[in-house]
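Kindly generate the complete structure, drawing on both the sequences and the hints.
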Amino acid sequence: MLVQLAIPVSVLMAQGTPVTAARLDHVPIAVRDLGAATTSYTALGFTATPGRLHQNSIRNVFLKLQDGTLLELITATEARDSVSKWYLEVLEHREGGAFLAFATDSMTAVVDHLTSRDAGFSDTGPSPSGFRTVALMEPEPLRRVFFIQYLDHPADSGTAVVHANTAVGLTAAWLVVRDIAATTRRLEALGWTAGDVVAMQPLNGLGRAFPMAQGTLVLVSPTDLKGITASYLEQQGESIMGVTIIVESIVRARQVVATGVGRRFPFTTVSGRGRSFLVPPGLARGMWIEFLEPEA
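Count along the sequence shown starting at 1, add 4, and that's the number in my numbering.
To be clear, the hints were calculated from the coordinates, so they are not data collected in a lab. Computed from a predicted model, the values in this text were never measured in an experiment. Heads up, the beta-carbon is just placed ideally off N, CA and C, and yes, glycines get one too. Hints are supplied without guarantee of correctness; some may be wrong.
Said to hold, decoys possible - DEER-style ranges, computed between Cβ atoms:
(1) E93 - T43: 21 to 31 Å
(2) T227 - E144: 16 to 26 Å
(3) E238 - T112: 39 to 49 Å
(4) D127 - S275: 26 to 36 Å
(5) A47 - S253: 17 to 27 Å
(6) P270 - S131: 38 to 48 Å
(7) R84 - D228: 35 to 45 Å
(8) H58 - G124: 19 to 29 Å
Shown next, in the form of C-alpha cells:
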C-alpha cells in the first residue's frame, strides 16, 4: 500500500557554505531517442522547448519551469569529446537521470571551498555558450554532481514555461546510493549539511535530505532488498532516481497525466507537506517523477 513520500518541500533559505548556498538548477536525463522521449514527457503534460545540435553530437530538449529550474532531455550520436562519450556509455546500459546541476552566483567561492576540502573536481572555465561548470570528480555516486554559473542567462517566460500539468518548479532530486551512511559522510566532509531522514515508503526506501539554498538533494537507499528502490538500484546503478516537481493544481496534473498515458495514479497526502502522486520510470525514460501540490 502507498503510505507516504515525505521529502520536505524546499524553501528559499541562506546556507552555510558555498556548496549549500547553491540552488537546485536542472537534471539532464539521458535518452536514446530524443523524439520519442519528448513525446513521453509531453504526454505527462510538459511543454517541450527544442535545444540544438552541438558540435560534440549532443542534442537536447528543455522542459523549462517558471522558477528557472528545468529538466533536460539529452542524447548523443558520436563520441566526439569526453561529454558525448560519457553519455553514449550511459546509454549502452540505461536511460535516466545523468547528472544533478546546482547553480551558483560565485564559482570562485565554490572552487576555493572545494580546494580547501581536498575535493576532486574538474573546472571547464568560461564557455562560449555563456556558462562555467565545475564537476565533482569524486567516486560514484558523487561524480553525478556539478555546479554551474550562468554568465549570461536571461529569464525564460511566455509559453515555454507554461505546462498543461501546471508544473512550476523542480524542488528535489533523488540520488539512489548503495551506502547512504558513507555517502552522507562524504557530503558532510565536502561542506553539505545533512537534514531530515526522509520516509520513502512507497518506494521501499529511506532517504536523507540535504537542503540547498533552493531545492533539496535527497540520498535514497533500499529498506527492502526485494523492494522498488533495490530493484531500481540493481538495474540502473547509483544514479539520479527521480525528481519532485511542484504543481499549482494536483487535480489538474493528475487529469492531464491520466489522459496522456492512459493511467490514473493514486494521490498520497502527507500532513504539513501536501498532496502528490508518482509516475513510474517506465513512463518517464528511467525517472520517477513525483508531482506535488504543497499544503497551503
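Each hint, compared with the structure:
Taking the beta carbon of each, E93 and T43 are about 25 Å apart, inside 21 to 31 Å as hinted. Restraint check, T227 to E144: a C-beta distance of roughly 21 Å satisfies the suggested window 16 to 26 Å. Judged by the Cβ atoms, the range 39 to 49 Å given for E238 and T112 holds: they are separated by roughly 41 Å. The hint said 26 to 36 Å for the Cβ distance between D127 and S275, and at roughly 44 Å that hint is violated.
The hinted window of 17 to 27 Å between A47 and S253 holds, with their beta carbons roughly 18 Å apart. A hinted range of 38 to 48 Å for the beta carbons of P270 and S131 is consistent with their spacing of about 44 Å. Between R84 and D228 the C-beta distance comes to about 42 Å, which sits within the given range of 35 to 45 Å. At roughly 26 Å, the beta-carbon separation of H58 and G124 lies within the given 19 to 29 Å, and the hint holds.
Hint 4 from the list above is the single one not met by this structure.
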